[in-house]
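K.L.:
For chain V, the structure is supplied; the task is to place chain B on it using the hints.
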Amino acid sequence: MWHVGKVIALSDETATARTINLEVLDWPGHVAGQHVDVRLTAPDGYSAVRSYSIASGAHSEGRVEITVERLPNGEVSPYLTQELAVGDRLELRGPIGGWFVWRSHQTEPIQLIAGGSGIVPLMAMIRSRASAGSAAPFRLLYSVREQEAVFYREELRALTNNDEGVSLTYAYTRVAPKDWPRPPGRIDTTLITNATWPSNIGATCYVCGPTSFVEIASSFLIASGHSPDKIRTERFGPTGDRK
Amino acid sequence: MAIISKGFSGRRTAGDEKLPPGQYITPDFPVLSAGPTPHVPLDQWEFTIDDGDKVLQRWDWKSFGDLPTETLTVDIHCVTRWSKFGTTWEGVSLDTLLANVKTDASYALAHSYGGYTTNLPLEDLRNKQAWIAFKYENEDLAPEHGGPARLLVPHHYLWKSAKWVHGITLMHQDKPGFWERLGYHNYGDPWREQRYWGD
Numbered sequence: 001m002w003h004v005g006k007v008i009a010l011s012d013e014t015a016t017a018r019t020i021n022l023e024v025l026d027w028p029g030h031v032a033g034q035h036v037d038v039r040l041t042a043p044d045g046y047s048a049v050r051s052y053s054i055a056s057g058a059h060s061e062g063r064v065e066i067t068v069e070r071l072p073n074g075e076v077s078p079y080l081t082q083e084l085a086v087g088d089r090l091e092l093r094g095p096i097g098g099w100f101v102w103r104s105h106q107t108e109p110i111q112l113i114a115g116g117s118g119i120v121p122l123m124a125m126i127r128s129r130a131s132a133g134s135a136a137p138f139r140l141l142y143s144v145r146e147q148e149a150v151f152y153r154e155e156l157r158a159l160t161n162n163d164e165g166v167s168l169t170y171a172y173t174r175v176a177p178k179d180w181p182r183p184p185g186r187i188d189t190t191l192i193t194n195a196t197w198p199s200n201i202g203a204t205c206y207v208c209g210p211t212s213f214v215e216i217a218s219s220f221l222i223a224s225g226h227s228p229d230k231i232r233t234e235r236f237g238p239t240g241d242r243k
Numbered sequence: 244m245a246i247i248s249k250g251f252s253g254r255r256t257a258g259d260e261k262l263p264p265g266q267y268i269t270p271d272f273p274v275l276s277a278g279p280t281p282h283v284p285l286d287q288w289e290f291t292i293d294d295g296d297k298v299l300q301r302w303d304w305k306s307f308g309d310l311p312t313e314t315l316t317v318d319i320h321c322v323t324r325w326s327k328f329g330t331t332w333e334g335v336s337l338d339t340l341l342a343n344v345k346t347d348a349s350y351a352l353a354h355s356y357g358g359y360t361t362n363l364p365l366e367d368l369r370n371k372q373a374w375i376a377f378k379y380e381n382e383d384l385a386p387e388h389g390g391p392a393r394l395l396v397p398h399h400y401l402w403k404s405a406k407w408v409h410g411i412t413l414m415h416q417d418k419p420g421f422w423e424r425l426g427y428h429n430y431g432d433p434w435r436e437q438r439y440w441g442d
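As they're listed, the protein sequences go chains V and B.
Per the working numbering: the first sequence ends with 243, consecutive numbering throughout.
Per the working numbering: the second sequence ends with 442, consecutive numbering throughout.
Bound conformation, chain V alone (with noise of 0.2 Å):
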């Protein structure tokens, strides 16, 4: 069953990435990590449909936020992120998928994992713990090309400011900020060991992100104790492996 949407804010988070603010009045609510299939129809009739992570927690009755990265050789991103303006209309499938994701009865540590807008359903995670008034405690690592590259920045700052029980880690692959204590380079063990749960407190980690960069990641968890079956991973295209 197709839901309708209608695009009540939009907001850039990067040069190439927009958060879409939809109001879809017969939403029947979703829990964070879920994805959502976007349906676009051209005038004569041919559609398209992809699936994005849902951005907003849970408990956001009648409204659904998702962020797009623009692809470069996308069908829909383009359009979503450059064409679409408020007050128009899209439709929508979901919420789906029961794997990926957060509930606010869970109680045990969180480990989020973020690989570029890998970040999106775990900020959906973060947003329902806050908004359910959970006391789980929350670590956050994301893995950014630079700083203009980072989504939600504000709010994260001021929701790790303002609780304790949020930490955030960034990891800058292309360009650090001055003065920043680890040069840039992708993730590595070290940072792993330093900036995750020790692996004895039984944390529940997710990790999401590009293909090659959730192979690293899990496998750097698995390496420094983290069992494999504690370890939830979304991966998403495009991929370099073409074969």
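Read the hints as simulated data drawn from the structure, not as lab findings.
Here are the simulated lysine to any residue pairs, SDA-like style, with alpha carbons at most 20 Å apart: (1) K249(B) with T41(V); (2) K230(V) with F421(B); (3) K297(B) with A342(B); (4) K249(B) with V49(V); (5) K305(B) with H409(B); (6) K249(B) with L84(V); (7) K261(B) with H398(B).
Sample of chain B residues lacking proximity to chain V, with all beta carbon distances greater than 12 Å (derived): (8) L285; (9) E289; (10) I292; (11) D293; (12) W304; (13) T312; (14) N343; (15) H409; (16) M414.
Each residue gets a CB set at the ideal place from its N, CA and C atoms; glycine is no exception.
P.N.:
For chain B alone, coordinates are given in the frame of chain V:
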């Protein structure tokens, strides 16, 4: 009544009859998995067929390698809407693996290293429809794509083609697998667009 997005034209594939509804073609081979990639050493690998109580057939990597193999070129379709045409695999047909198994079971549950499961009617694994594939495009199947070996059932969405497959349990009653319990369709036919519950 569809909602029209003026200014959206999309990138169409002119009437390609090989493309199931709602899919688009990608030259990539994206990876989608629910957890970390298991790395299974070949000297510990095994593939079994069981009936829920006892193991009926068992192969280790060496005895599996002695079985006759087939090379096939097929189109694959992922529920996340990408399709990839003309992929070439080498594997052992389930017809070969089931040849000496006497059973009146109607369903099968494939299970994998790492704990993944997926269910299929047993008849969908027979008659040149399913393989245990260990090579992709003439190379050993990479771990992120399911190596050392994965189930390949190309007439279903790709989540049915269990990566890191470890064995198949034959059942008299159907039992939903991992994604089938989490909102995805029990059968998953791309041509009928059976993506989610209720499709």
